[in-house]
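Residue numbers (the working numbering), protein chains in the order written: chain A, 1 to 326; chain B, 1001 to 1326; chain C, 2001 to 2240.
Please keep in mind that the hints were generated in silico from the structure rather than gathered at the bench. Take these hints with a grain of salt, some might be off.
[Stated by the list, open to error] Chain A regions said to be covered by chain B (calculated; three or more residues, Cβ under 8 Å):
(1) 194 to 202
(2) 208 to 220
[Claimed, not checked] Calculated lysine-lysine pairs in the DSSO-like style (CA-CA distance at most 27 Å, straight line):
(3) A:Lys16 to C:Lys2134
(4) C:Lys2134 to A:Lys177
(5) A:Lys11 to C:Lys2134
(6) A:Lys177 to A:Lys11
(7) B:Lys1268 to A:Lys272
(8) A:Lys175 to C:Lys2125
(9) A:Lys177 to A:Lys116
(10) C:Lys2134 to A:Lys204
(11) C:Lys2134 to A:Lys175
(12) A:Lys11 to A:Lys175
(13) B:Lys1268 to A:Lys204
(14) A:Lys272 to B:Lys1136
Treat the numbers as computed from the prediction; the structure is a model and nothing was measured. From the three backbone atoms N, C-alpha and C, an ideal C-beta is built for every residue, glycine too.
If you want the building blocks of each chain, they are given just below.
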Amino acid sequence: MADAVSSCILKVEDLKVEFPLGGGVFGNRRIVHAVNGVDLELRSGECLGLVGESGCGKSTVALSIMGLQSPTGGRIILDGQDIAAPGIDRRERARVAQIVFQDPYSSLNPRQTVRKTLEAPLRLHGIKARSEIDDRIAEVLARVGLRPEQGRRYPHEFSGGQRQRVGIARALILKPKIIVLDEPVSALDVSIRAQIINLLLEMKDSLGLAYVMISHDLGVVEHMSDRVAVMYLGRIVETADWETIFTRPRHPYTRALIAAIPDPFGTGIGAKIPGEVPNPIDPPAGCSFHPRCPHAIDICRQPPTPDLEEIDGGHFVRCRRARDFV
Amino acid sequence: MSDETLLSIENLYIELRLDGASYSAVKDVSFSIRRGETFGLVGESGCGKSVTALAIIGLLKPPLGLGGGRILFDGEDLATVSSARMRSLRGDRIAMVFQEPMTALNPLSPVGRQIAEMFVLHKGATWHEAERLAVKALGSVRVPAPERRARDYPHQLSGGMRQRVMIAIALACDPDLLLADEPTTALDVTVQAEILELIRDLSSERGTAVMMISHDLGLIANMCSRVGVMYAGRLVEQQDASSIFRRPQHPYTKGLIASLPLLGARAKYGRRALQEISGVVPSVVDFPRGCRFNPRCSLSTNICVEGDPEASPLDNGGFVRCHHHG
Amino acid sequence: MGADLMNSSLPPDHQFWFGTDDQGRDIYSRVLYGARVSLTVGIGSQIINSIIGVCLGLSAGYWGGWWDDLINGLTNMMLAIPSLIFALAIMAILSPGLTSLLIALGLTNWSFTCRLSRASTLSLKSQGYIQAAKVLGYGDIRIMLTQILPNILGPIIVIGTLGMGSAVLSEAALSFLGLGIKPPFPSWGSMLSDARDQMTTAPWISIFPGLAIFLTVLSLNLLGDGLRDILDPQSRTRRT
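Chain A with its partners taken away, still in its complex shape (with noise of 0.2 Å):
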């Protein structure tokens, strides 16, 4: 789907974000590197996916894109400019992207009404008038399926599913073009999942949205992505359109998590790879995948850590031994 039309609504180049750990006066300073050299980028209208396990950065990249998290160096540039350059102000980047939060249960101010909830950001962003105000929030809680009279009521007369449409009221209100989605549904009640992830996807289409999607569930994604970056340690060790990574996965993690996922037809577990994800603070030299790697050689665990190379259109794998696998 890409379009030479339809803009590039996000870019992130090289970002790095590190956190120290206190290693004293003498001792040498220890780095985690949370995300190490990240780029993305995303177009009007589409979605990106972004898997991984624990460890592997995806909510650092989410919190840097929001201004949340300050990078250590890359650079972010939404609608066209460099968010990570001093002077933006927190304002003008409301009025480009917007997250939904993960737990309906702890996103939304409980003494406040819903109304005012949505009321404020708009006041707050210039708009005064009690019309419009009114226009707007009818217009919103409309569009995620909430009756305008539910906007007197407080966060916790609400199930969680009705909160998390809240939540995404609240990311709409603004008018944003991209809105960070931080697994929208992995809090809410199985049977309500449908609902919310039809409602994205309908807004997605109908408003012109981008997301970034953080989502562990990997059903989730591939119904939902148009396009699908996997972490690893900081690091995007794949990216592809949705269909490629889905039935053509070339990384061996890539590989592994699809293969964990339990098929309810069939009884086999499925391929897993040994060991757990290592400790950031000290990855694997090389391919920081290699110790759990099937399908490692000597140079896997070599320096320097393999690249992010094209192996085919639109399709990244960093690993040393990527055409060897078909």
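Knowing the structure of chain A, use the given hints to seat chains B and C on it.
This is chains B and C only, laid out in the frame that chain A set:
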């Protein structure tokens, strides 16, 4: 797996007392588990699956309480035994593994000691002997370098390791029945696959029956031989695993399967809007009258509101609780 | 309230409802006048304490870093100095009187509120709606005032009302030492101190001011609980 019945739950009622009122958290649930069998209990929040397990192992605390029914374990009715007898059974013949190992393990005690306790308590071993057996137990759950790991404290281990420790504690005395309540929900996907395989291998080696509880129908259908679906305190359907996914009978089960984005579906059929189940999951104080699923059910008619359906047997030995099934 | 030695130490009767003290003064009117002082000092100084404590604690919790370290150091210092000594020192500089009492007590008891605000802020900071506010473009001050403050007020109010009681007692101590309200102007605390020697012979002299303190502090606490509940939307409405 033998044909002999190990656990038989008959007409189980569990009450919840709040503010002087009594609610039925679990109503008239009956099922049985054979020796060595893996049985799955699937459902969402508030369906009663976890409290059913707590009732079996005798850990129901106020405001929850047994309201009636029999829990026949190898001939003994656990609903009526003394607490001393229950204590001797717990850990020795019936064991349980929980979702969040960090809160289930004692943070102040090395993990090896926590495993060793089981041998001392139930098998009368000396501490010296028990610690040796504990190291062996760690090895059996595939923890590398078990002698060293035994001296670690829970916070020094990763989530997957902690869960292995929990399993080692649970299986230390070779129980006949293992209750596993969402044992992998808090873990990364690749670790999840390993833990599930571990449970499967160990239980088949030792002939342990397993009752696996989860909200993930795909996982349950993959791991278990027979599956029970719970909704709002009722067991609404029970079938063997291969049938439940291919030929679900209850509208809730059907709705659940149709609403989940399954891996591979989009590649095969294109992106189809997920079928939503309307409404929200009721809370225990708000369970509907008659069939508890009726407000959300597309097949609901008058009899559904008036009367809670009986269990209708199916050809393959299972049953379904619906006025309009099939 | 005039001294009238003819009527000294009379037990309560139809003329003197609460009896008289050793100088013949009507205790009932002294209790009423004393209310003015004790309530003003009790409530007023605690309000000052709470404002200081919340401002310092909230900002320390929210911003962290060197500001947090600074406030923590200050709080530790305040906790190490006995508050009464500190108040004494301030009163010694200022001349005795109502305003000075307010200032002195208002500047000494903010540490606990500060700690509480800081802890509450820290635990709230990770809540989604705080991050959402930043993402929506709210500035830091606005977030602290509109998002965090309303959500930490509950315990602060309750602690505040408890503090009012202790402020009344601190005022008594200071007045007794001659650094508070000077006689003959009454304050409940100084009335209690004066009545020490006559506890067994003329107990009514201490009972009534004591009762007044007790009832006041009790009602302030209940008021605090009530206020906290009124301000909390969750206690007002059930889920629909």
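Here is how each hint holds up against the structure:
Counting residues of the region 194 to 202 of chain A whose C-beta sits closer than 8 Å to any C-beta of chain B gives 5, which meets the bar of three, so the coverage hint holds. Counting residues of the region 208 to 220 of chain A whose CB falls under 8 Å from any CB of chain B gives 4; the rule of at least 3 is met. For a cut-off of 27 Å, the pair hint linking Lys16 (chain A) to Lys2134 (chain C) stands: about 22 Å separates their Cα positions. Proximity of Lys2134 (chain C) to Lys177 (chain A) is assessed by CA-CA distance (about 17 Å); at most 27 Å being required, the pair is judged to hold.
Proposed proximity of Lys11 (chain A) and Lys2134 (chain C) is supported: the alpha carbons are some 21 Å apart, at most 27 Å. Under the criterion of a C-alpha separation no larger than 27 Å, the hint pairing Lys177 (chain A) with Lys11 (chain A) is consistent with the structure, at around 13 Å. The suggested pairing of Lys1268 (chain B) with Lys272 (chain A) holds, with an alpha-carbon distance near 25 Å, which does not exceed 27 Å. For the hint linking Lys175 (chain A) to Lys2125 (chain C), the alpha-carbon distance of about 26 Å falls within 27 Å, and the restraint holds.
Between Lys177 (chain A) and Lys116 (chain A) the alpha-carbon distance is near 23 Å, which keeps this suggested pair within the 27 Å criterion. With a C-alpha separation of about 23 Å, the suggested pairing of Lys2134 (chain C) with Lys204 (chain A) holds against the 27 Å cut-off. Restraint check: the Cα-Cα separation between Lys2134 (chain C) and Lys175 (chain A) comes to about 16 Å, which is no more than 27 Å; the hinted pair holds. Annotation: proposed proximity of Lys11 (chain A) to Lys175 (chain A) holds, straight-line Cα distance about 20 Å (limit 27 Å).
A threshold of 27 Å between alpha carbons decides the hint, and for Lys1268 (chain B) with Lys204 (chain A) the separation of about 23 Å falls inside it, so the pair holds. Taken as a hint, the Lys272 (chain A) and Lys1136 (chain B) pair is honoured in the structure, with Cα atoms around 24 Å apart against an allowance of 27 Å.
Going through the hint list in order, the structure satisfies each hint without exception.
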